[in-house]
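Protein chains: 2
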Amino acid sequence: MSSCTATYRLYDDKADFHKKAESIAVGMTVGSWTELPQAKRESMQKHLGQVLKVYVHEPEGVQPGERYADVTIAYPDVNFSKDIPALLVTVFGKISMDGRIKLNHLGFSDEYLSAFPGPKFGIKGIRDRLGVHNRPLLMSIFKSVIGLDLDELRDQFTRQALGGVDLIKDDEILFDNPLTPIEKRVEVCMRAAEAAEKETGKKLLYAANLTGPTSALRQQALRAIDAGANALLFNVLSYGYDVLHELSSDSAINVPIAAHPALAGAFYPSPHYGISASVLLGQLMRLAGADLVLFPSPYGSVTMPKEENMAIRDELLSSTLPLRTSMPVPSAGIHPGLVPMIIRDFGTDVVINAGGGIHGHPMGTEAGGKAFVQAIEAAQKLISLADYAAAGHPELQKALDTWGGER
Amino acid sequence: MSSCTATYRLYDDKADFHKKAESIAVGMTVGSWTELPQAKRESMQKHLGQVLKVYVHEPEGVQPGERYADVTIAYPDVNFSKDIPALLVTVFGKISMDGRIKLNHLGFSDEYLSAFPGPKFGIKGIRDRLGVHNRPLLMSIFKSVIGLDLDELRDQFTRQALGGVDLIKDDEILFDNPLTPIEKRVEVCMRAAEAAEKETGKKLLYAANLTGPTSALRQQALRAIDAGANALLFNVLSYGYDVLHELSSDSAINVPIAAHPALAGAFYPSPHYGISASVLLGQLMRLAGADLVLFPSPYGSVTMPKEENMAIRDELLSSTLPLRTSMPVPSAGIHPGLVPMIIRDFGTDVVINAGGGIHGHPMGTEAGGKAFVQAIEAAQKLISLADYAAAGHPELQKALDTWGGER
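From first to last, the protein sequence lines stand for chains A and B. With positions in the first sequence counted from 1, the corresponding number in this note's numbering is that position plus 805. With positions in the second sequence counted from 1, the corresponding number in this note's numbering is that position plus 805.
Any given hint could be a false lead.
Because identical chains cannot be distinguished in the list, a pair is counted as satisfied if it fits within a single copy or across any two copies.
To be verified - Calculated pairs, SDA-like style, for lysine to any residue (alpha carbon to alpha carbon, straight line, at most 25 Å): (1) K948 / G832; (2) K824 / R932; (3) K1007 / R905; (4) K819 / L984; (5) K887 / M995; (6) K925 / Y860; (7) K989 / H852; (8) K858 / R1149.
What the hints contain is simulated information worked out from the structure, not anything from laboratory work.
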């Protein structure tokens, strides 16, 4: 029987967790079991949820509030349609509201996965588009763009591009607006990208933010692509994973999609409630087809515990799924001094992503990008940042002086 | 300057909450302020967020972990498009991930509201359709329907309908499936409803569950309506509020929509993180156009604190919004003994909603419905349930014996 699985952590000082697990497995599938006549049970067996695992954590002297169980339930695929809303409602619809319970992991059956093409480009596809295969990528974020006009936007774009970044993304709070409507800013920015490429020799992806009514997103994406967009940004959690899935699996939308984690903090930080970061920003983003996934790093200003970051990375890169990988983009408060540590933690398949760490460089935005390029070069050559800065890289030196050196 | 507002509760043992509020107001709008040249400030002023209120809760002897502030920020409407994803990303996108912060309230400007027609029917429209104006409505929920075929579904529908309920809703975990595809079950159930109406003299709304791919929901709704559906059920949180908004404001979808709270528990129960129940299930559901809103009651099996329930009710019914009201449907574990208390708490404009409390009646599903009808009659006549049961209402008597009497 093909099933998807869900693993929960339940906190309760006294509950019989085995009984609780059984009641979830029955209650969220066939509804009742012991009352069913034998003949009915036979026909219902294929719909019945199964308790796969109950691990109870109650060490001697466990404190009130700290007794929990990790419970894994299998939900037969025959019970729900092959889409993310159906899976989420099945495994965490009603029970999300029933006491201290957090959804910590999902398991997708091959049958369920068959409905999901996953990322259209993935890490390899993005690297192919950029022609960069052996180093981390560098992304820069537009900053303070609300209220800017097209000339100001172009100017900021050019300064970022000349710093040598590989990707530039819209600010996620830039919505479609009369000053810089998406097609216009794509035209302006892609022209600026071409001009910059002549100086830097580097290709550049610009991820334009898809916003507005759900039913108009596809057309908006196509108009942006017609205008030259070679990537898109999307606030997935404010629209729903199925919307990303439909966009990413649409053959006409033939550019990489970067998923922004806006609103994710409404789900993952509590130990007792919600959905873990690795499900939200790892498993579901990849399943829904995000080519790049942004999330708070363990290092910077808005942080997430390192083990959660590593769990996200593992889900985005795992070879156990028959889907292309998604590029991890640990974000927020990143400065050049952190680059070697990011590479140690994530490996080469990572995007170094910075906003303030580029625009806030004392020598300007272009120098801010260069400092990161130099930091990546140093890390790739296994040279300390301090040594590399001293060897004729003043932008990196200034960045280290400003935000601190290698950690 | 027209603005929407957001009120947060921030927990921190030491933070300068006024400074923190200022940094949210600036950071989530113009990005930076003190560094801007004077001329730029003038043009940016209309985009700048404003701190409206900072209330710091730190009574003498406040314990670690219990110092908090309630902070209200105004976000200029000019910064975001008039849709729910844009508002949520603006007010709770990045900052949802930045420490202990919960979104507790929203304030909608008239300008923002102008894009939202709200519920198409609302409480009055639903009552008009049913011809019932002076009492709480009664809803029954299909139970254990996974794996049933059309005959079994019709049989369960009929037993519910003959009990005298006003509304019957699909189980939210019933997705489109080969055994009971939505159009077929609508046809079968609406025929059963007509037959039952001849016996009960009561009109009946049947809310069929919209499921499957986002882009196909509208067509699915229209097919269901063509097949006779006179209401729809929708798992809003698994799809996104904008999808509900688009469905509810579509003139062709001319039946009431009931919003199910599946997944809501991933957001609201933590005091430190997430989005309050009154925002999720009150403000945003009504804004997005839900005619009825289900949520866990304070009384039954899956519970929510009573003050949160009352806050949801207040948002659904508030006369300060230029939108039709939404009908509150406190749910889960409701039995007839609770009816007088529900009416005391909610007033007459409420749906008494039961699943197990109807199907689990020892005399059967039909008797289960009748017991609720009798409980509502008693409460309306200000007769105690015990007295009314004794006066020739054996179904009510049995229900009180089974689940307990009036609370």
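Same-copy or cross-copy closeness of K925 to Y860 [CA-CA at most 25 Å]
For K925 and Y860, the Cα distance exceeds 25 Å both inside one copy (37 Å) and across copies (48 Å).
Using 25 Å as the alpha-carbon threshold, which applies to K887 and M995: within, between, both, or neither?
neither (37 Å within a copy, 28 Å between copies)
Given identical chains, is K948 near G832, meaning Cα to Cα at most 25 Å, within a copy, between copies, both, or neither?
between (48 Å within a copy, 10 Å between copies)
Homo-oligomer pair classification [R1149, K858; C-alpha up to 25 Å]
Intra 34 Å, inter 44 Å, cutoff 25 Å: neither.
Within, between, both or neither: K1007, R905 at alpha-carbon 25 Å:
neither (50 Å within a copy, 41 Å between copies)
With identical chains, the pair K989 and H852 could be close in the same copy or across copies; at 25 Å between alpha carbons, which is it: within, between, both, or neither?
between (52 Å within a copy, 21 Å between copies)
For the identical chains here, do K819 and L984 meet the 25 Å Cα criterion within one copy, between copies, both, or neither?
Neither. Shortest intra-copy (59 Å) and inter-copy (41 Å) distances fail the 25 Å Cα cut-off.
Up to 25 Å CA-CA - R932 versus K824, copy category
neither (50 Å within a copy, 42 Å between copies)
Consistency with the previously given hints fails for numbers 2, 3, 4, 5, 6, 8, ordered from lowest to highest.
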